[in-house]
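Taken in sequence, the protein lines are chains A and B. With this note's numbering applied, the first sequence corresponds to residues 1 to 109, in that order. With this note's numbering applied, the second sequence corresponds to residues 1 to 114, in that order.
Hints are supplied without guarantee of correctness; some may be wrong.
Which bits of chain A does chain B cover? Going by a derived footprint, with three or more residues having C-beta under 8 Å, they are [what the hints assert, rightly or not]:
{"hint": "1", "segment": "45-58"}
{"hint": "2", "segment": "95-104"}
In silico DSS-like cross-links for lysine-lysine, where the CA-CA straight-line distance does not exceed 30 Å [to be verified]:
{"hint": "3", "chain 1": "B", "residue 1": "K41", "chain 2": "A", "residue 2": "K104"}
{"hint": "4", "chain 1": "A", "residue 1": "K22", "chain 2": "A", "residue 2": "K65"}
{"hint": "5", "chain 1": "A", "residue 1": "K104", "chain 2": "A", "residue 2": "K57"}
{"hint": "6", "chain 1": "A", "residue 1": "K9", "chain 2": "A", "residue 2": "K108"}
{"hint": "7", "chain 1": "B", "residue 1": "K41", "chain 2": "A", "residue 2": "K22"}
{"hint": "8", "chain 1": "B", "residue 1": "K66", "chain 2": "B", "residue 2": "K41"}
{"hint": "9", "chain 1": "B", "residue 1": "K66", "chain 2": "B", "residue 2": "K55"}
{"hint": "10", "chain 1": "B", "residue 1": "K64", "chain 2": "B", "residue 2": "K20"}
{"hint": "11", "chain 1": "A", "residue 1": "K15", "chain 2": "A", "residue 2": "K73"}
{"hint": "12", "chain 1": "A", "residue 1": "K15", "chain 2": "B", "residue 2": "K41"}
{"hint": "13", "chain 1": "B", "residue 1": "K55", "chain 2": "B", "residue 2": "K14"}
{"hint": "14", "chain 1": "A", "residue 1": "K73", "chain 2": "B", "residue 2": "K55"}
{"hint": "15", "chain 1": "B", "residue 1": "K41", "chain 2": "B", "residue 2": "K14"}
{"hint": "16", "chain 1": "A", "residue 1": "K9", "chain 2": "B", "residue 2": "K41"}
{"hint": "17", "chain 1": "A", "residue 1": "K108", "chain 2": "B", "residue 2": "K41"}
{"hint": "18", "chain 1": "A", "residue 1": "K57", "chain 2": "B", "residue 2": "K41"}
{"hint": "19", "chain 1": "A", "residue 1": "K9", "chain 2": "A", "residue 2": "K104"}
{"hint": "20", "chain 1": "A", "residue 1": "K22", "chain 2": "A", "residue 2": "K108"}
{"hint": "21", "chain 1": "A", "residue 1": "K22", "chain 2": "A", "residue 2": "K9"}
Treat the hints as calculated values from the structure; they're not laboratory data. Note that beta-carbon positions come from the ideal geometry of N, C-alpha and C, so glycine has one too.
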Amino acid sequence: AQRVTQPEKLLSVFKGAPVELKCNYSYSGSPELFWYVQYSRQRLQLLLRHISRESIKGFTADLNKGETSFHLKKPFAQEEDSAMYYCALNGDSNYQLIWGAGTKLIIKP
Amino acid sequence: GAVVSQHPSWVICKSGTSVKIECRSLDFQATTMFWYRQFPKQSLMLMATSNEGSKATYEQGVEKDKFLINHASLTLSTLTVTSAHPEDSSFYICSAVVANNEQFFGPGTRLTVL
Chain A
1 AQRVTQPEKL LSVFKGAPVE LKCNYSYSGS PELFWYVQYS RQRLQLLLRH ISRESIKGFT
61 ADLNKGETSF HLKKPFAQEE DSAMYYCALN GDSNYQLIWG AGTKLIIKP
Chain B
1 GAVVSQHPSW VICKSGTSVK IECRSLDFQA TTMFWYRQFP KQSLMLMATS NEGSKATYEQ
61 GVEKDKFLIN HASLTLSTLT VTSAHPEDSS FYICSAVVAN NEQFFGPGTR LTVL
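Okay, chain A solo, but in the shape it has when bound (with noise of 0.2 Å):
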């Protein structure tokens, strides 16, 4: 079954520290993954996706296939971080995307 996994719900980490938001994915033939973000009061977007390669605000995401993960990374958080992060999956299905339950990234100052 096509499934995304997000193990925290929050995570909060202060300003100028490493950051890393889990991703994992279960799916047996080659996925997109996706990186989507939701400011306070501000809708969806989408963060990067894993087969851009860019980096976006300074965030990256790796796509290991031996261990199904897209782990999220910064190496200095910034509070304008702050927000909910979504990992989500395409499989073959008419461009739907499993969603994971999202991490809210809280960034002290």
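The hints should help you fit chain B onto chain A, whose structure is shown.
Relative to the frame of chain A, chain B by itself:
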């Protein structure tokens, strides 16, 4: 980037009435749109896939007669909550898919049923 709008952003209705929510892609055409429901402090729950010119595909457990979806044009999908009850109160979000498989989200509609 692509812009998706929703209208209304907030609606309060009496129990038993119907409410229509619109989702529009403002600067692009979307053959596929999705409707989600989001409960407080929870993740998105996919309700249905809306395809232009065809019937919507509903997820298991979502009543198609209660949540009517119409995707009559390439820029508009509507979700009608029929005979709404307090348990239908929620945040409803739509998204539209662009050619590179990216989804753009609307700002959401807060529905409160009294």
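Are the Cα atoms of K15(A) and K73(A) separated by 30 Å or less?
holds, 14 Å
Holds or violated: K64(B) to K20(B), with C-alpha atoms at most 30 Å apart:
Holds, at roughly 14 Å.
Run the distance test for K41(B) versus K104(A): straight-line Cα separation, threshold 30 Å.
holds, 9 Å
Hinted pair, alpha-carbon criterion (30 Å max): K22(A), K9(A). Please report holds or violated.
holds, 10 Å
CA of K9(A) to CA of K41(B), is that 30 Å or under?
Holds, at about 9 Å.
When you check the alpha-carbon spacing of K22(A) and K108(A), does it fall within 30 Å?
Answer holds: K22(A) to K108(A) is near 19 Å, not above 30 Å.
Can the restraint linking K15(A) and K41(B) be considered satisfied, given a maximum Cα separation of 30 Å?
holds, 24 Å
Would you say the segment 95-104 of chain A counts as covered by chain B, given the rule of at least 3 residues with C-beta under 8 Å?
Since three or more residues must qualify, the claim that chain B covers the segment 95-104 of chain A holds, with 7 doing so at under 8 Å.
When you check the alpha-carbon spacing of K57(A) and K41(B), does it fall within 30 Å?
holds, 24 Å
For the pair supplied as a hint, K41(B) and K14(B), confirm whether the alpha-carbon distance does not exceed 30 Å.
Satisfied, since the Cα-Cα distance of roughly 25 Å is no more than 30 Å.
Within 8 Å of chain B (C-beta), three or more residues of the segment 45-58 of chain A:
Coverage by chain B holds for the segment 45-58 of chain A (3 residues, Cβ < 8 Å).
Holds or violated: K9(A) to K108(A), with C-alpha atoms at most 30 Å apart:
holds, 17 Å
In this structure, the one hint that does not hold is number 14.
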